[in-house]
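J.: Listed here are the chains, written in short residue letters.
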Amino acid sequence: ETGVTQTPRHLVMGMTNKKSLKCEQHLGHNAMYWYKQSAKKPLELMFVYNFKEQTENNSVPSRFSPECPNSSHLFLHLHTLQPEDSALYLCASSPHRGLDRSPLHFGNGTRLTVT
Amino acid sequence: DQQVKQNSPSLSVQEGRISILNCDYTNSMFDYFLWYKKYPAEGPTFLISISSIKDKNEDGRFTVFLNKSAKHLSLHIVPSQPGDSAVYFCAASGTNAGKSTFGDGTTLTVKP
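From first to last, the protein sequence lines stand for chains F and P.
Every number in the working numbering is 13 more than the matching position in the first sequence, counting from 1.
Every number in the working numbering is 5 more than the matching position in the second sequence, counting from 1.
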């Protein structure tokens, strides 16, 4: 399998639940990203990992907790979310870090609904 | 304040004609620009990019033009095909294209 794979594709959770989103890339890339797309809003960068190290947290609330055990896997742990957190969560990867003009390779996203 | 804007939420063109999608940015530090295309139920896919040292980049039917003084870029698709119907996102970045700032997207519909 190639590309960037995200699971699950759809997730409905209550505000008191704990769930995790999973992302796996088979491209040999070293950087992984979480982006969020809310309704009628542009994609927003949430987190960046380079070589498993978090290099950016774009002022994301602590109810979102990322984890990157290796360069191929990225998780987003969710707990006590709010209905306004309902959105499409997109994982992406790119080859390098630093000065890097490589475009992002996105997964198909997880559509999250918080009830 | 939104730093990358795509002021047209939607655009409809006839097959075979030219599609022109526009994007404006405000941050002078942006020096690399990308266009992504997104089909329903799929993630965005990279289409074409341009560095600020150029004013035009062409790839097949797709051409991106950059006007730095106006902080404006546009994507031209010629000729447009029904398979081009998708949401097109403009993105701008500095040294790391992965850390891009995206526009809201423009939904392009190409009618047969």
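Watch out, some of these pointers could steer you wrong.
Below, in silico cross-link-like pairs of lysine to aspartate or glutamate (EDC-like), each with a Cα-Cα straight-line distance of 20 angstroms or less [claimed, not checked]:
1) P:K76 x P:D29
2) P:K76 x P:D60
3) P:K116 x F:D113
4) P:K59 x P:E20
5) F:K53 x P:E47
6) F:K32 x F:D98
7) P:K104 x P:D6
8) F:K54 x F:D98
9) F:K53 x F:D98
10) F:K54 x P:D109
11) F:K54 x P:D29
12) F:K53 x P:D36
13) F:K35 x P:E47
14) P:K59 x F:D113
15) P:K76 x F:E80
16) P:K116 x P:E20
17) F:K53 x P:D60
18) F:K54 x F:E80
19) P:K10 x F:E57
20) P:K61 x P:D36
21) P:K10 x F:E80
22) F:K54 x P:D6
23) F:K53 x P:D109
24) F:K32 x F:E97
25) F:K65 x F:D98
26) F:K54 x P:E20
27) F:K32 x F:E80
28) P:K104 x P:D29
29) P:K10 x P:D36
30) P:K104 x F:E97
Since the hints were made in silico from the structure, they are not lab data.
What you are looking at is a predicted structure, and each value in this text was computed from that prediction instead of being measured.
J.: Give a verdict on every hint.
T.: Going through the hints against the structure:
Between the alpha carbons of K76 (chain P) and D29 (chain P) the distance comes to roughly 6 angstroms, so the proposed pair stays at or under 20 angstroms and holds. Proposed proximity of K76 (chain P) and D60 (chain P) is supported: the alpha carbons are some 11 angstroms apart, at most 20 angstroms. The hinted pair formed by K116 (chain P) and D113 (chain F) fails the criterion: a straight-line CA distance of about 37 angstroms is larger than 20 angstroms. Only pairs whose Cα atoms come within 20 angstroms are accepted, and K59 (chain P) paired with E20 (chain P) is rejected, the gap being roughly 29 angstroms.
Proposed proximity of K53 (chain F) and E47 (chain P) is supported: the alpha carbons are some 17 angstroms apart, at most 20 angstroms. Restraint check: the Cα-Cα separation between K32 (chain F) and D98 (chain F) comes to about 13 angstroms, which is no more than 20 angstroms; the hinted pair holds. The straight-line distance between the Cα atoms of K104 (chain P) and D6 (chain P) is roughly 17 angstroms, inside the 20 angstroms bound, and the hint therefore holds. Under the criterion of a C-alpha separation no larger than 20 angstroms, the hint pairing K54 (chain F) with D98 (chain F) is consistent with the structure, at around 13 angstroms.
With a C-alpha separation of about 13 angstroms, the suggested pairing of K53 (chain F) with D98 (chain F) holds against the 20 angstroms cut-off. Distance hint between K54 (chain F) and D109 (chain P) is fulfilled; the C-alpha atoms sit about 6 angstroms from each other, no more than 20 angstroms. The hinted pair formed by K54 (chain F) and D29 (chain P) meets the criterion: a straight-line CA distance of about 16 angstroms does not exceed 20 angstroms. Between the alpha carbons of K53 (chain F) and D36 (chain P) the distance comes to roughly 26 angstroms, so the proposed pair goes past 20 angstroms and is violated.
The suggested pairing of K35 (chain F) with E47 (chain P) holds, with an alpha-carbon distance near 16 angstroms, which does not exceed 20 angstroms. Only pairs whose Cα atoms come within 20 angstroms are accepted, and K59 (chain P) paired with D113 (chain F) is accepted, the gap being roughly 17 angstroms. Using a Cα cut-off of 20 angstroms, the hinted pair K76 (chain P) and E80 (chain F) is violated, with the two alpha carbons roughly 37 angstroms apart. For the suggested pair K116 (chain P) and E20 (chain P), the alpha carbons sit about 5 angstroms apart, so the restraint of at most 20 angstroms is met.
This hinted pair does not check out: K53 (chain F) and D60 (chain P) have alpha carbons roughly 30 angstroms apart, beyond 20 angstroms. Among the hinted pairs, K54 (chain F) with E80 (chain F) is inconsistent with the structure: their alpha-carbon atoms are about 25 angstroms apart, more than 20 angstroms. With a C-alpha separation of about 13 angstroms, the suggested pairing of K10 (chain P) with E57 (chain F) holds against the 20 angstroms cut-off. For the suggested pair K61 (chain P) and D36 (chain P), the alpha carbons sit about 14 angstroms apart, so the restraint of at most 20 angstroms is met.
Among the hinted pairs, K10 (chain P) with E80 (chain F) is inconsistent with the structure: their alpha-carbon atoms are about 32 angstroms apart, more than 20 angstroms. For the hint pairing K54 (chain F) with D6 (chain P), the CA-to-CA distance comes to about 12 angstroms; that is within 20 angstroms, so the pair holds. For the proposed pair K53 (chain F) and D109 (chain P), the alpha carbon gap of about 7 angstroms is at most 20 angstroms, so the pair holds. As the CA atoms of K32 (chain F) and E97 (chain F) are separated by approximately 16 angstroms, the hinted pair is consistent with the 20 angstroms bound.
Of the supplied pair hints, the one linking K65 (chain F) and D98 (chain F) is violated, its CA atoms being roughly 25 angstroms apart against a limit of 20 angstroms. Straight-line distance between C-alpha atoms of K54 (chain F) and E20 (chain P) comes to about 29 angstroms, which puts the hinted pair past the 20 angstroms bound. Between K32 (chain F) and E80 (chain F) the CA atoms are separated by roughly 13 angstroms; this keeps the pair inside 20 angstroms, and the hint holds. With a CA separation close to 18 angstroms, the supplied pair K104 (chain P) and D29 (chain P) stays within the 20 angstroms bound.
Taken as a hint, the K10 (chain P) and D36 (chain P) pair is honoured in the structure, with Cα atoms around 16 angstroms apart against an allowance of 20 angstroms. For the hint pairing K104 (chain P) with E97 (chain F), the CA-to-CA distance comes to about 24 angstroms; that exceeds 20 angstroms, so the pair is violated.
Hints 3, 4, 12, 15, 17, 18, 21, 25, 26, 30, counting from the list given before, are not met by this structure.
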